[in-house]
Amino acid sequence: MSFVWQVIVHTPFWVWPLLGGLIWLGWQGLKPRAVPTWRLALLPLIGLGVTASGLIQSLQPAMAVASWGAALLLALVPGYLLGRRRPACRRPDGRFDMPGSWFILVFGLSVFLVRYALGVLFGLTPTLRGELLWVALSAGVGGAVAGVGLGWLAGVLGSARRAQSRARGVAIAHLLLVGALAITGLSFSSRGAAAEEAGWRRLTVPGATDADAIPVTLYYPTQVPSQAVVMGLFTAHVAIQAPLPEKVKGLIILSHGTGGSEFGHSSLAEALAKRGYLVAALRHPGDNWQDRSLWSKAPDRYFIERPAQVSRVIDALLADPDWKDRIAADAQGPRIGAVGHSAGGYTVTALAGGQADLRRISEHCRDHAADDPIFCGMVRPSGQAAEPPSIPPTVDKRVRAVVALAPFGVAFTASSLANVRIPLAVYAAEGDRWLAPRFHAEWIARNVPNAESHQIANAWHFAFMDPPSGPVLTPDGDAAADPPGFDRRAFLTRLQAELPAFFDKAFAGRP
637 MSFVWQVIVH
647 TPFWVWPLLG
657 GLIWLGWQGL
667 KPRAVPTWRL
677 ALLPLIGLGV
687 TASGLIQSLQ
697 PAMAVASWGA
707 ALLLALVPGY
717 LLGRRRPACR
727 RPDGRFDMPG
737 SWFILVFGLS
747 VFLVRYALGV
757 LFGLTPTLRG
767 ELLWVALSAG
777 VGGAVAGVGL
787 GWLAGVLGSA
797 RRAQSRARGV
807 AIAHLLLVGA
817 LAITGLSFSS
827 RGAAAEEAGW
837 RRLTVPGATD
847 ADAIPVTLYY
857 PTQVPSQAVV
867 MGLFTAHVAI
877 QAPLPEKVKG
887 LIILSHGTGG
897 SEFGHSSLAE
907 ALAKRGYLVA
917 ALRHPGDNWQ
927 DRSLWSKAPD
937 RYFIERPAQV
947 SRVIDALLAD
957 PDWKDRIAAD
967 AQGPRIGAVG
977 HSAGGYTVTA
987 LAGGQADLRR
997 ISEHCRDHAA
1007 DDPIFCGMVR
1017 PSGQAAEPPS
1027 IPPTVDKRVR
1037 AVVALAPFGV
1047 AFTASSLANV
1057 RIPLAVYAAE
1067 GDRWLAPRFH
1077 AEWIARNVPN
1087 AESHQIANAW
1097 HFAFMDPPSG
1107 PVLTPDGDAA
1117 ADPPGFDRRA
1127 FLTRLQAELP
1137 AFFDKAFAGR
1147 P
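Residue numbers (my numbering): 637 to 1147.
Since the hints were derived computationally from the structure, they do not count as laboratory data. One or more of the hints may lead you astray.
When the alpha-carbon atoms are kept at most 27 angstroms apart in a straight line, the in silico DSS-like pairs for lysine-lysine are as follows [claimed, not checked]: (1) K1141 to K885; (2) K883 to K1033; (3) K1141 to K960; (4) K960 to K1033; (5) K885 to K960; (6) K883 to K1141; (7) K1141 to K1033; (8) K933 to K883.
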């Protein structure tokens, strides 16, 4: 203990404020945030400068520079891959919307510990400064740390540029800047996938009555060139009635929000189809832009019927002779996932195992109506019974991965969310006024074990929906509107990359 104390005592005072600053930067990096370019580059450049400064004092400068440079070049590749894993989205004002990550904290502490440990080592044994092995080792470690930081910065900037443009040449040019042949190979494979187009067909799942029938729009991979097709207020880029593929990577169900339609998230469905998935976007009977009859039924029916409608679509496609043998399967059965927005976020989370309790809604709106006014204004029942009906579980174990976009979540019990065991990602719109994130999206993310949580800065509730060609009036204003400075198309381009990657990862490694 005395040795450690002596080391600490003889450490220059300025070292500790530096450590504090690095920890503060790392702590900020754990939270979703909007940062300017200089702030994004600050820590990697500090790492570069700190590790390079040791070369000046080396007794074997040629060996030190060679080892440092070689290690830096080798470390660019893993650093780049780390940076591109968590895509950033660039705002019109030049700042980047960054998801929370441990990288900044770990990298800053690594820079500090490398320099601190080498300083202590050479302070205790000065003769090591002149030995070639130790010169190469110490310079190489510093170069590796600097390379990881620069590679990470390149990866983040590359992901942001891809999110702003569909042109794959942007990514290739950026990878050439890094200079790593292996990464360039990855870019070429990405271009090959982009050659896919999205086919488009209609399907109707029959019901007990015509009102119960479920209209479904199918998106799937095809090589037939797509065309812009106007579908109401939305435009899809699809090849209508294109030939069916021999196989698809899985089935993804797409559930719209209350009062929505099967066309409102076409760009996300197209992106999943281009990556090899069959996407089934249903129109929920009784809860769409033409028919709101589900709201006039007993309160529990809404929470039961929406997930049940999705399960009926799954049943139909797994029995459909055109599709049942084309959907990839493994030892667990067919590969099935689900994406839902708003009430659709509730729907897919219920399929994953979340169970609603109407008492939670009553208690929430009694205590927090002023903080969640639009939601409570819509669902607060009149003359509700003292003991509301219980809602049975609506889990569908065939669904193996779920993405909830700005979901309605306050109704779920914490215990049911804690029992969700499939991969689940939650996206919260920071400025969501319809479903205040702290009561809905964040409630789900906090209680589902290992849930991926993404907070989208400066976004409103409808950021996840394709921009309609005209105004769509809702209790939260025009669904076509966005807050100043928010680029919805750029953000949707980001989602078009993240959603297929999420499902690829969820289904990866299954025999």
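Hints and how they fare:
Straight-line distance between C-alpha atoms of K1141 and K885 comes to about 12 angstroms, which keeps the hinted pair within the 27 angstroms bound. For the given pair, K883 sits about 22 angstroms from K1033 by alpha-carbon distance, which is consistent with the 27 angstroms threshold. Restraint check: the Cα-Cα separation between K1141 and K960 comes to about 23 angstroms, which is no more than 27 angstroms; the hinted pair holds. Of the supplied pair hints, the one linking K960 and K1033 holds, its CA atoms being roughly 18 angstroms apart against a limit of 27 angstroms.
For the suggested pair K885 and K960, the alpha carbons sit about 12 angstroms apart, so the restraint of at most 27 angstroms is met. As the CA atoms of K883 and K1141 are separated by approximately 19 angstroms, the hinted pair is consistent with the 27 angstroms bound. Note on K1141 and K1033: the hinted pairing holds, with a Cα-Cα distance of about 18 angstroms set against a maximum of 27 angstroms. The hinted pair formed by K933 and K883 fails the criterion: a straight-line CA distance of about 40 angstroms is larger than 27 angstroms.
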